[in-house]
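From first to last, the protein sequence lines stand for chains A and B. So the first sequence is numbered by the numbering used here: it starts at 1 and just counts up by one. So the second sequence is numbered by the numbering used here: it starts at 1 and just counts up by one.
These are computed hints drawn from the structure, not numbers from a lab. One thing to keep in mind: the hints can contain errors.
Said to hold, decoys possible - The following residues of chain B were derived to be distant from chain A, with all beta-carbon distances above 10 Å: (1) F73; (2) P185; (3) V186; (4) E197.
Claimed, not checked - Here are a few chain B residues that face chain A, going by a calculated C-beta distance under 8 Å: (5) I56; (6) V59; (7) V72; (8) L95; (9) A116; (10) L118; (11) P195.
Beta carbons: idealized from backbone N, C-alpha and C, even for Gly.
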Amino acid sequence: MMGLVLATAMVSPVVSPAACLATVPLLAVNPFTEPVGVVHYLIVGAVLFTAGIACMTLKRNALGILMGIELVLNGANINFVAFASPYLRADGAPTLGLDGQVVALFVILLAAAEAAVALAITLNFYNNHATVDVDRADDLKG
Amino acid sequence: MTGMLDMDIMDISTLTPVVPPLATTLAALSALPIAGINWHSVLFLLFAGLACGFAIGVVAADNVVRMALYLVFSLGSTAGLFFLAGADFIGAMQLMIYVGGTLVLLVFGVMLTAQAPLVSIKPSSSDRMLTAVAGASLLSLLLTAAFSVDAWRGPGVGVVPAPSATPLGMALVGVRVDEPPAGTPVGGRVGYMLPFEIVSVHLLVVLVGAAYLARAKRRRTPRPIDALASAMPVEPVAPAATVAPTGRSAGGAKSALVGGGR
């Protein structure tokens with residue numbers, strides 16, 4: 001696709017920026033007038049997933065890591081809901097149907113359960129070590 | 001009155017002496033290039049921008065209270081995205097369980113552990129660089145995968161789907177009332193009765209376990225937080241009888257006295 005864009009830009013001597021943008025998918029259409037598709041939701045899910053992974057790797061506060069886990073689960077949930085929706089496909093045939101929504105519901109419930117247990121563990125760790133810095137949780141290091 | 005309701009914008013603009021503000025407003029609106037605007041797409045862009053921006057804000061913020069606040073906004077905007085995708089029940093559950101339950105839990109955790117040096121633990125700049133590189137590569141991989149399927153790219157049909165709460169509830173008790181997709185074998189779909197029961201028992205076990213883990217308990221050994229508190233000289237002159245020796249029995253008795261009320 002990028003090669004096609006470059007070839008188009010090289011063949012035509014004078015290319016307006018609008019014509020250049022029109023060869024890139026998703027920029028050729030006006031986002032305010034075109035209905036959204038599955039890929040729009042996938043972009044949002046990818047951004048939330050990446051932010052969650054970055055949060056889990058970057059933060060040293062245990063609660064920050066928990067928030068990263070919540071973001072990751074939400075990014076996955078957005079993908080499930082997008083694949084479940086018949087509204088977003090051009091042919092109106094969703095990939096998952098209602099099953100995607102059921103799985104998203106289970107993910108929300110399991111995330112709540114995970115947050116409860118992880119928060120209890122964090123509070124226990126705080127009571128024992130007077131900190132929530134995960135870099136200082138090295139009691140089990142051999 | 002019914003004749004006025006039947007009129008379109010052009011006819012209303014002829015009624016300028018009767019209702020001048022409304023007619024001029026409508027004429028001005030029809031002159032603006034908003035006629036072809038898909039409001040579903042506009043709302044999607046709004047909620048998507050809020051969700052992505054606040055998610056990046058969670059990563060960028062160092063203060064844990066601000067991170068919790070940004071997470072509330074990000075998850076709330078995600079609920080808006082669920083509504084726009086036609087998953088109304090999932091959006092409501094997102095608001096009630098995530099924003100109303102999980103995040104209240106997280107904010108309580110933040111408040112219980114928000115000592116002054118722990119509110120903002122800053123990562124090192126080399127960690128930031130490494131995370132930025134890893135995140136950018138992961139994001140490019142995910143976006144490449146998202147754009148790689150043509151069927152996902154096309155604009156939607158724009159059909160407003162039926163409310164999904166009833167089929168969802170029926171599927172959770174084991175009866176599928178939603179329309180099966182093409183190619184489904186006869187009797188090839190099952191309900192979600194067993195996962196529903198497993199999840200409910202799982203939630204019960206988890207809540208009992210969380211209450212067990214976070215309960216107030218008497219301690220045999222002094223906690224570092226108590227040692228820290230007892231190391232600080234609160235009273236200028238301590239009587240000789242209350243100066244705790246470093247022996248295990250006396251320290252244990254003291255810490256049990258201190259920690260018993262928690």
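(message) Check the structure against each numbered hint from earlier and tell me which ones fail, lowest number first.
(response) 7, 8, 9
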